[in-house]
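Colleague: As given, the protein sequences belong to chains A and B, one line each in that order.
Residues 8 to 532 (our numbering) make up the first sequence, in order.
Residues 16 to 648 (our numbering) make up the second sequence, in order.
Don't take every hint at face value.
[Stated by the list, open to error] DSS-like cross-link-like pairs, simulated, lysine-lysine; straight-line CA separation at most 27 Å:
(1) A:Lys289 / A:Lys270
(2) A:Lys407 / B:Lys175
(3) B:Lys202 / A:Lys407
(4) B:Lys530 / A:Lys405
(5) A:Lys407 / B:Lys186
(6) A:Lys405 / B:Lys249
(7) B:Lys202 / B:Lys280
(8) B:Lys242 / A:Lys405
(9) B:Lys280 / A:Lys407
(10) A:Lys336 / A:Lys270
(11) A:Lys393 / B:Lys186
(12) A:Lys407 / B:Lys242
(13) A:Lys405 / B:Lys209
(14) A:Lys270 / A:Lys393
(15) A:Lys407 / B:Lys449
(16) A:Lys364 / A:Lys407
(17) A:Lys407 / B:Lys530
(18) B:Lys449 / A:Lys405
(19) A:Lys393 / B:Lys482
(20) B:Lys227 / A:Lys405
(21) B:Lys530 / B:Lys449
(22) B:Lys175 / A:Lys405
None of these hints come from the bench; they were simulated from the model.
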Amino acid sequence: MDKKDRLCQETWAKSSSSGNELPKNISTEKPSFINFNFNSQQYEQKWEDTSIFGSRTNSSFQEFNPQSETQSLLPSNPNDHIKMADQENSQINETLQTNKIPDWDPRAMLNNLSFLEQKIHQLQDLVHLIVGRRGQVLGRPDELVTQQQQLVTADLTSIIVQLISTAGSLLPSVKHTLSATTTPVGQLGGILFPSGTGMNNSVQQQHSSGSKVSDQSNQMDVTGNCGTEQNYSIEEHEMKDEEDAEEGENLPPGSYEILQLEKEEILAPHTHFCTICGKGFKRDANLRMHMRGHGDEYKTPAALAKPNKEASSEPVLIKRYSCPFTGCKRNKDHKKFQPLKTILCVKNHYKRTHCDKSYTCSRCNTKKFSVIADLKTHEKHCGKDKWLCSCGTTFSRKDKLFGHIALFQGHTPAIPPDETKGPAGPSDKGDENEVANKVGSINYSFGSGGANGTGAQNVMDVKGGVDDPASYFSPLNFDTCNFGGFHEFPRPPFDDSESSFSFLISGLCNYSQKTGGESSSNNIQ
Amino acid sequence: MKRQKMTIEFDDNNSNKSNNNLFDLLSEEIVFAILDLLNTNPLDRKSFSLVCKSVYNLESKHRKTLKPLRQEHLPRILNRYPHISHLDLSLCPRINDNSLTVISNACKDSLRSIDLSRSRFFSYNGLMSLAWNCKNLVDVDLSNATELRDAAAAAVAEAKNLERLWLGRCKLITDMGIGCIAVGCKKLRLISLKWCLGVTDLGVDLIAVKCKEIRSLDLSYLPITNKCLPSILKLQYLEDLAMEGCFGIDDDSLTALKHGCKSLKRLDMSSCQNISYVGLSSLISGAGGLEQLTLAYGCPVTPALANGLKNLSALQSVKLDGCMVTSAGLKALGNCLISLRELSLSKCLGVTDEGLSSLVTKHRELRKLDITCCRKITDVSIAHITSSCGNLTSLRMESCTLVSREAFVLIGQRCQFLEELDLTDNEIDDEGLKSISRCSKLSSLKLGICLNITDEGLAYIGMHCSKLTELDLYRSAEITDAGILAIASGCHDLEMINMSYCRDITDSSLISLSKCVRLNTFESRGCPLITSLGIAAIAVGYVGLLSLASISCLQNMTVLHLKGLTPSGLAAALLACGGLTKVKLHVAFKSLLPHPLFEHLEARGCVFEWRDKQFQAELDPKCWKLQLEDMIP
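Input sequences plus hints: build the corresponding full structure.
Modeller: Written out as structure tokens, the structure reads:
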């Protein structure tokens, strides 16, 4: 702890170059909670909270800082971000405090500007370095160039954002309205980091929330989603409240801490965001893998390690989760509340029980799921070993299906659709048959047609075919007949046994030669 | 018969006086009454309908059953006969979905029964239209439809009024399809699932659960186990149960059954290797009304088995083909059973004079007896059989080689009600035949490999046995054209004749046989004197084989070793026989006949088998028989 504290103080000392002091930072952040919670008693708690937050944040910085000293290239970014975040916070505080202090603070402005200057210098150095390196590294230029471009763009964006926000601080009225309007958007009067400071929020808040979440719960850092982030803190308040209230009643002392995520947060596709390029990830491990692409300093074992392992020295309460859906048994307000163990449980529970089942199995087209993993599990088993009843119920085992059918009147085993497919419906059948018959007669004239080469009947058949040559020789038609299963069974040309007798005597003598000739002529036709 | 002839003559008289149409005087009812009596020969109806237009129309109205020869004519035929209720398509091997649609649209609700057992070219769609349009279908025979799948079974299940369904050899149908049928066809009384290898306990169980009306259940060769037995035995009306070759059922599972099926009348447990008398007695313990029991190729016939059958007072028929038999077992059977009418001991090892004699003397009411290949029995047994069982209608005693020629005279003397007699590979001679010709009801006579009989003996048969429909002269070497002529002139109802390896038979036999208009099976393997003249000339002259083809339904044809046969003659015959389903030809013809011809015939549903056997002309019949005996222990 000592070491950490020292470290964090170091970092904060660094950042203080921009004119911010740690206590101020905390204090400025704090009022936001107070303001909206109207809970002055929480004040103290919050204090502690934020102090924890502060130290934690630092602990996460600790990974970056040494590198930033050794390498001038990339490390500048996180550092800068942190600074920017600090800046932001100060601004936020200022904006929040506008109620009290209507005028803008020229000192803060000066700080901002000097920070910007420093930032631009750093960027300049970076670009210099890139120019210098270009000559050396020719082996894999593409990769490097894209990386560098990403870095430069990220830095530039943050500079621009900072500039705008600085300019924006000059307009107190706008700020005021903005913060006023955005407030109701938050959940339960949730604290908004005043989004009134402009669009820049995204970057800075990402960072701050990222660090914050990492200290709160190991599983999640809800970066980039200011709403959720704020809810988070609010929830914490509420939970604290509840814990206070409940502690005396039924929960064993110090057993667990209840967290409740909001709907939007649960349904968010990504929970981890890259601070550099903004790409979202579902797992922080994936994010860390991704971060490696942003530079060598992310490749160290420390950077790749699970971020919160060091935090384990602190006494951590067991965390349990509550479902935000009121009335649900998993909701903490329920009388027989049963908590969910992990955030993943929360997500799956919420999607399964309180969301639409939007994923339909592409094989059976009947089963629907709200969790993709469930669909994938189902699809593994969906198919031949699926035993389906006419009522739509499926069974994994045949005997279960038959037991079901034996039990219920009117239920029938449903034959899988691929079996009934094949020949088209009855309405099309007539046409198909016609085609098939035509093909049949053609087949015949290729085949045994030679037997009665001059037989009137056969000629008729061939004519019937010639009427519609397209239907004959286009492969499509053959396909359809194939489908119907008719082509193999050409209709026998001998409609009348009498005629067949008459021809066969005459036709017998010139059998083989005729066959060849006929078939070739048919081909021409 | 007389009345028929009279009516026909009456019609003929009237048709001569064509000017005054006396047929208007005949009311519809009278014509229908006449038609009702014309049952024996399909040609009678045909000629009757040709008398005049009104009779033609009435006949069209009256006809209920139809057995078409050619599928191509179906639309026209169905148009002509609007009231067909039974359609037998077993002579049309190429029924496809199209034909079924035509049939279902033409027959609609009048159709009650359809036989598709010989066709495998239809599918789900055809059956669907049949089930939808013909709501009154009661019987459907889909045997041998090996391509049908569950979807087709589901289509069948749409025929809600179905009572009898045959699905033999529908190998691709599984429990799912059977389940559909079980749920859809509640009125089912008979279902045959023989060789439906995809059906297991689950499907059978569901049938038993859903179709309470089942009377007859054929589960032969199904991979079923004891799991489905309890629900089967709960079927209230089950009378007929066949479980041939169900290897999954064993004694343990049968003894575990608490109650047998009380209503059971016929039980077939052939080839169930794992069932002994223990399991059997448990199964039939409650079935006091059992009439027929088949235990072919099963457990040995011992006194213990006979004891198990003791309580079956109604038992009339026992078939023990291929079982190990002891004399004690046979004696016990004689003592335990009350009055058997039918007994089959075909190919049983261990049947002796002693055992058989004691059995037949107890069962004087025996009607049918099969002692094929009981090689140990002698004249003693025959004497006992003939003396105690005077009412025998069927006696099969192929290869009872120890029975002397004198014994056959006894058969003719004492068993005059015989309708079926199988004397293949016996010592019978002309004297015996002369005696047997007293059996005026004889319809089936098998004299294969009877080397002692000549034309003289056949002449007796031809003279006296006018009801003969089946005659087997396979390798009866002494038979010549004269014998065949006698048969052909005496036995007009002949339907099947086998003259294979009767080497003296010539074309004149064929010409004389052309009188027998009902002949539908004709085998002439190894007859070197039948020439292309006999077939090709016949083809031109509309006699012989070709006329057979045109009047009836030649379905199987085997032509081997006919030296004089020319390819063109064969081709003509093949093309003319539209109903052919199976042709065996010598491999030499394959190159001689044009390939398109075979393709065409195969497209008509005919299967070719090519044989490449050397004709063993030098082989003496006696010598051949000796060889045969060497092979059989």
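Colleague: To test your reading of the hints: which numbers does this structure violate?
Modeller: Hints 4, 9, 14, 15, 17, 18 and 19 contradicted; others consistent.
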